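S.K.: As a plain string of letters, each chain reads:
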Amino acid sequence: MIFDYPTLKLIWWLLVGVLLVGFAIMDGHDMGVGTLLPFAGRNDEERRIIINTVGPHWDGNQVWFITGGGAIFAAWPIVYATAFSGFYWAMLAVLWALFFRPVGFDYRSKIHNAVWRSTWDWGLFVGGAVPPLIFGVAFGNLLQGVPFHFDDTLVPYYTGSFWALLNPFALLAGVVSTAMITCHGAIYLAHRTEGDIQRRAITAALVFGVLMLAGFSAAGLWIANGSFGYAITSAVDAAALPNPLAKTVEAQSGAWLANYGKAPLTVLVPALAYAGGIAALLLVRKRRTLAAFVASSLAITGVIGTAGVSMFPFVMPSSTAPGASLTVWDAVSSHRTLGIMFWATLIFMPIIVAYTGWAYKVMAGKVTAAYIRENEHSAY
Amino acid sequence: MVSEQLVDLSRLQFAATAMYHFLFVPLTLGMVWMLVIMESVYVMTGKTIYKDMTRFWGKLFGINFALGVTTGITLEFQFGTNWAYYSHYVGDIFGAPLAIEGLMAFFLESTFIGLFFFGWDRLSRQQHLLVTILMAVGTNLSALWILIANGWMQNPVGSEFSYETMRMELTDFWAVVFNPVAQGKFVHTVSAGYVTGAMFVLSISAWYLLRGRDVEFAKRSFRIAAAFGFASICSVIVLGDESGYALGEAQQTKLAAMEAMWDTEPAPASFNLVALPDEAGMKNDFALHIPWAMGIIGTRSLDKTLPGLNEIYAKNRERVTVGIEAVKRLETLRRNPRDTAAREAFEQVRDDLGFGLLLKKYVASMDDVTPELIDRAARDTLPRVAPLFWTFRIMVALGFAMLALFGLALWHSVKGDFAQRPWLLKWALYFLPMPWLACEMGWFVAEYGRQPWTIYGVLPTHLSVSTLTVESLYGSLAGFVGFYTLLLIVEMYLMVRFARQGPGSLGTGRYQNEAQHA
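Residue numbers (the working numbering), protein chains in the order written: chain X, 1 to 380; chain V, 1 to 518.
Treat the hints as calculated values from the structure; they're not laboratory data. Note that the structure is predicted; figures quoted are calculated from it, not measured. For each residue, glycine too, the CB sits at the ideal point set by N, CA and C. The reader is advised that the hints may include incorrect statements.
[What the hints assert, rightly or not] Think about it this way: if two alpha-carbon atoms lie no more than 25 Å apart in a straight line, the pair counts; the simulated PhoX-like pairs of lysine-lysine are:
| # | chain 1 | residue 1 | chain 2 | residue 2 |
| --- | --- | --- | --- | --- |
| 1 | X | Lys-361 | V | Lys-51 |
| 2 | X | Lys-110 | V | Lys-51 |
| 3 | X | Lys-286 | X | Lys-361 |
| 4 | V | Lys-415 | V | Lys-219 |
| 5 | V | Lys-283 | V | Lys-315 |
| 6 | V | Lys-47 | V | Lys-315 |
[Unchecked claim] Derived list of chain X stretches under chain V, where covered just means 3 residues or more per stretch with a C-beta under 8 Å from a C-beta of chain V:
| # | region |
| --- | --- |
| 7 | 78 to 89 |
| 8 | 153 to 159 |
| 9 | 200 to 207 |
| 10 | 264 to 278 |
| 11 | 326 to 340 |
| 12 | 370 to 378 |
[Claimed, not checked] Estimated spans, in silico, between C-beta atoms of each pair:
| # | chain 1 | residue 1 | chain 2 | residue 2 | range |
| --- | --- | --- | --- | --- | --- |
| 13 | V | Arg-122 | X | Arg-288 | 22 to 28 Å |
| 14 | V | Leu-437 | X | Glu-250 | 55 to 61 Å |
| 15 | X | Asp-44 | V | Thr-485 | 54 to 60 Å |
Sequences are here, hints too, so could you generate the full structure?
M.R.: If you want it as structure tokens, here you go:
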């Protein structure tokens with residue numbers, strides 16, 4: 001093994017971040033397009049144009065989500081176990097919302113019937129809007145700490161309810177997340193369309209982009225002035241075998257800002273959210289849609305990165321048993337598994353990026369009404 | 001302690017969603033290679049009809065694929081949502097193949113399926129064929145990694161329990177990858193998928209021929225399906241048979257249960273063609289034997305014995321007894337992890353820890369264990385015989401019936417007279433559901449036969465669940481049943497509609513039923 005255990009633990013924190021950011025950028029833009037579908041497309045042909053901008057790609061993009069889940073399972077098994085079972089109804093809501101996507105995309109245009117098609121359009125809206133909303137709410141709750149503990153054989157017990165997840169701060173985080181993904185999708189839509197749809201997409205990008213920046217700022221102020229944060233109060237041995245019950249933790253107001261003081265360069269992460277967001281808005285106004293898409297991707301990186309950096313080394317703090325909080329040091333897989341998964345990711349990720357890029361290149365260009373008419377039987 | 005109702009509902013939900021997912025997977029696995037064959041012929045001959053075949057069967061493939069994707073995500077979620085302790089306890093090993101499946105296979109399959117459908121006018125013929133091949137490779141690699149994960153549940157190699165982290169940890173990644181049980185499962189499962197794909201094309205083509213519709217299109221499809229199906233069913237039967245079951249204890253237990261072998265017979269054992277198992281008495285009330293057959297099938301030899309259930313029971317009862325000690329010594333060690341004497345004491349009995357954990361179904365503390373409970377726990381290690389015995393036989397019978405069908409279909413394809421053989425065409429048509437039935441039976445045998453374990457010998461099912469409420473389980477189960485019923489209705493509606501319309505649905509102007517525009 002080239003890397004020692006603490007280094008690999010840190011690398012895996014970064015890799016999970018990369019996978020989440022990859023998911024938000026790739027699956028995010030087609031979810032954003034799905035969210036905008038019923039509003040940006042005023043008739044069937046317009047809606048088919050919108051759907052076909054992501055038609056060839058949504059399936060590949062969704063794998064970012066599946067691989068992200070798999071990677072958390074492999075690298076942070078106890079996080080996967082505790083979060084998925086604790087957020088039971090939230091996860092099921094995401095899952096059931098996602099049900100509408102494969103069938104919505106593939107089945108919608110196979111039948112010539114207005115009710116059928118409009119039903120699937122709203123299905124695609126649900127599949128596009130609900131997951132980012134719930135992921136945002138979940139992050140909002142992670143930032144506050146969630147009520148769980150373990151027994152001495154590490155069986156996780158979650159003692160909160162679904163409704164308690166929907167508290168004001170978490171809902172604000174949900175708004176930030178949904179606005180971010182919708183803005184990103186709108187920019188992509190503007191890039192792949194022309195005329196009326198493009199005009200509506202640009203408007204949507206501006207509205208949701210401003211909403212994201214405002215929400216992100218509000219959440220930042222709330223964290224700076226409210227009682228947020230946890231800190232490890234015992235000595236941290238990053239090389240130790242993972243045991244989430246071996247430390248002591250206490251809730252500390254302002255602890256989520258401590259990392260920016262300890263490592264001032266990390267301020268660049270929230271700065272990236274602002275720089276990317278503002279650049280995306282300026283660029284999309286000038287119809288420089290590809291550059292705006294890149295800027296918006298950077299904004300996403302900044303927003304998700306800010307949550308990660310603020311909480312580091314915490315991944316899932318416990319509000320009811322802070323000592324049982326899960327961190328990058330004690331919620332991980334064995335040294336061997338982390339090493340193998342590191343190499344698997346390192347080898348396959350560039351290959352994935354290469355063929356995904358090729359697929360986009362093959363399908364590049366504006367999706368037009370003429371395209372839909374020529375491909376009446378095969379287009380979505 | 002976890003309520004039995006919670007465990008049963010969690011199992012029911014997983015079984016229902018997994019078996020539902022497996023309605024779509026086999027067809028995807030098989031159809032994708034049929035598409036590769038059809039498109040290869042198109043690229044080699046340049047005949048448009050083969051392109052149309054690829055596109056039409058591809059359309060039906062796509063309708064099926066959408067539900068395969070939809071229902072597949074459920075399974076990945078469910079390990080975390082409903083099997084939290086399982087996820088913690090074995091995630092170090094089990095998570096890796098799932099993640100690698102995403103990286104190596106699912107990305108490939110899902111990215112190229114988009115180009116398969118939308119890239120016809122933007123790619124050269126060769127490029128498009130390459131896309132189709134990569135999609136097929138991705139689909140099959142996906143099955144490989146999933147079955148490596150599943151194979152580890154049946155035969156947990158390359159790993160050991162760590163008392164410090166209170167979970168199983170990986171010791172040998174390649175042992176997990178090259179687990180013989182996983183490899184056997186992979187070959188058997190994908191071959192069964194190929195049979196399903198072939199049967200689908202064969203049946204629908206037979207229907208067109210019976211109706212005298214799109215005859216050239218249907219005849220070509222039928223021939224490809226007959227040849228591919230025959231090769232595949234041979235592979236299912238020869239490579240997927242019980243040879244794999246001689247490996248590993250879980251598989252031996254399963255084999256004994258599905259063959260209703262209560263006693264260990266002198267080699268070579270006889271085969272119970274029909275039996276009436278008496279579960280309580282641990283014997284068969286009646287059995288029709290074929291001498292020698294079981295020993296030869298199961299061990300590929302005349303001199304090796306296969307353990308019967310009664311022998312397995314006696315051995316497992318011993319292991320439960322040692323397992324009690326393992327649980328106790330683990331508790332001592334966890335209280336004082338630096339105590340080397342305690343560690344050595346635990347190491348001596350560590351291998352039977354899982355058998356001790358079986359008792360946690362009945363008691364919280366090992367001090368409360370009675371001899372009757374030890375009997376019960378040991379009895380729990382034997383799956384119920386009758387369901388396994390009969391589902392296995394139905395699967396095998398269907399397999400041989402399909403062998404006969406594909407054999408005759410291929411024979412008459414070579415002779416070139418199948419279109420004039422209505423009995424053959426009708427047989428092909430009516431057999432459409434059979435591969436699905438056989439596949440579901442196969443899954444049932446594999447997974448029900450592993451009970452009471454999630455990981456054989458390591459982690460009992462009743463300890464694996466999430467600590468949810470029974471009400472949550474009823475709610476989610478109702479949600480899944482509702483969604484899945486609706487989705488199935490929609491899928492079947494589209495599938496039947498487009499199968500009925502036939503290649504005319506491509507709108508090329510070359511086929512019948514063009515007018516019936518969708």
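S.K.: Starting from Lys-110/X, check that the Cα of Lys-51/V is at most 25 Å away, please.
M.R.: holds, 20 Å
S.K.: For the region 153 to 159 of chain X, count the residues whose Cβ lies under 8 Å from any Cβ of chain V; is that count three or more?
M.R.: holds (count 6)
S.K.: Is the coverage entry for the region 200 to 207 of chain X by chain V consistent with the three-residue Cβ rule at 8 Å?
M.R.: violated (count 0)
S.K.: Could you see if the CB distance from Asp-44/X to Thr-485/V stays within 54 to 60 Å?
M.R.: violated, 28 Å
S.K.: Taking 8 Å as the C-beta cutoff, is the stated coverage of the region 326 to 340 of chain X by chain V satisfied by three or more residues?
M.R.: holds (count 5)
S.K.: Does Lys-51/V sit within 25 Å of Lys-361/X, going by the straight-line distance between their CA atoms?
M.R.: holds, 24 Å
S.K.: So is the region 78 to 89 of chain X in contact with chain V by the C-beta rule, three or more residues under 8 Å, or is the coverage claim wrong?
M.R.: Since 9 is at least three, the answer is holds.
S.K.: Run the distance test for Lys-283/V versus Lys-315/V: straight-line Cα separation, threshold 25 Å.
M.R.: holds, 17 Å
S.K.: Within a Cα-Cα threshold of 25 Å, do Lys-286/X and Lys-361/X meet the stated pairing?
M.R.: Status holds; Cα separation ~23 Å.
S.K.: I want to verify a distance hint. Is the separation of the beta carbons of Arg-122/V and Arg-288/X within 22 to 28 Å?
M.R.: Once the Cβ atoms are compared, 25 Å apart, the range 22 to 28 Å for Arg-288/X and Arg-122/V holds.
S.K.: With a C-beta cutoff of 8 Å, work out whether three or more residues of the region 370 to 378 of chain X approach chain V closely enough for the coverage to hold.
M.R.: Holds, because 3 residues of the region 370 to 378 of chain X bring their Cβ atoms closer than 8 Å to Cβ atoms of chain V.
S.K.: Run the distance test for Lys-47/V versus Lys-315/V: straight-line Cα separation, threshold 25 Å.
M.R.: violated, 64 Å
In terms of the numbered hints stated before, the structure departs from hints 6, 9, 10, 15, listed from lowest to highest.
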